[in-house]
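My request is simple: use the sequences and hints to build the entire structure.
Under numbering that gives the first Met the number 0, residues 0 to 135 are what the sequence shown spells out, in order.
In short, the hints are calculated from the structure, not lab data.
Mixed in with the good hints, there may be bad ones.
Okay, the calculated beta carbon distance ranges per label pair [unchecked claim]: (1) M20 with N113: 29 to 39 Å; (2) L131 with A41: 14 to 24 Å; (3) L22 with L81: 12 to 22 Å; (4) S51 with L10: 20 to 30 Å; (5) S119 with S47: 44 to 54 Å; (6) Q43 with F69: 39 to 49 Å; (7) S47 with L131: 13 to 23 Å; (8) F87 with G35: 14 to 24 Å; (9) L10 with L81: 18 to 28 Å; (10) R68 with V105: 18 to 28 Å; (11) F69 with A23: 25 to 35 Å; (12) S51 with P118: 38 to 48 Å.
Even for Gly, the Cβ is constructed at its ideal location relative to N, Cα and C.
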Amino acid sequence: MSGVGVLPAELGVGVRLTDDMALALLGRAGFLQAGGGIEFTAIQRDWSQNGSVFRLAAMVLGDRMTCFRFEGPQKCSTALYLLGEIGFQYRWSFRSGRAVSLGASVQIGAMRLNGSQGPSVGQAFGLLGPRLQVEL
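Next comes the structure, spelled out in structure tokens:
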């Protein structure tokens with residue numbers, strides 16, 4: 000992928016389903032791209048302890064950087080990505096209930112580009128990392 004994941008920041012709201020699983024809705028925005036999705040996380044231990052976190056997410060992202068790269072800024076609208084993300088993080092938990100995680104995610108999915116020659120569809124893949132997450 001050419002542009003997805005350029006300086007992204009995420010904001011999410013979630014709920015802990017059990018002592019070791021959570022579900023969240025999130026939004027992501029970065030340089031010339033934005034979107035949202037749903038994320039499932041599972042931790043090795045419970046949320047009050049340090050540990051490894053497995054992350055699975057489905058995202059829909061609009062990306063202008065892809066258009067600039069392939070068509071130029073005047074010749075296409077936003078590229079649309081439908082992505083699945085699989086990731087791994089290590090999470091440090093604090094007594095306050097807050098936490099910090101550091102890891103990476105692999106992205107795989109499909110892209111639709113509305114270019115000057117008409118719409119085109121292709122595969123998309125990439126790496127999002129390092130990924131820093133702060134829980135408040």
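Structure-based check of each hint:
| no. | hint | result |
| --- | --- | --- |
| 1 | M20 with N113: 29 to 39 Å | 38 Å, holds |
| 2 | L131 with A41: 14 to 24 Å | 19 Å, holds |
| 3 | L22 with L81: 12 to 22 Å | 19 Å, holds |
| 4 | S51 with L10: 20 to 30 Å | 24 Å, holds |
| 5 | S119 with S47: 44 to 54 Å | 48 Å, holds |
| 6 | Q43 with F69: 39 to 49 Å | 41 Å, holds |
| 7 | S47 with L131: 13 to 23 Å | 21 Å, holds |
| 8 | F87 with G35: 14 to 24 Å | 22 Å, holds |
| 9 | L10 with L81: 18 to 28 Å | 20 Å, holds |
| 10 | R68 with V105: 18 to 28 Å | 21 Å, holds |
| 11 | F69 with A23: 25 to 35 Å | 32 Å, holds |
| 12 | S51 with P118: 38 to 48 Å | 41 Å, holds |
Comparing the model with each earlier hint shows no violations; every hint is respected.
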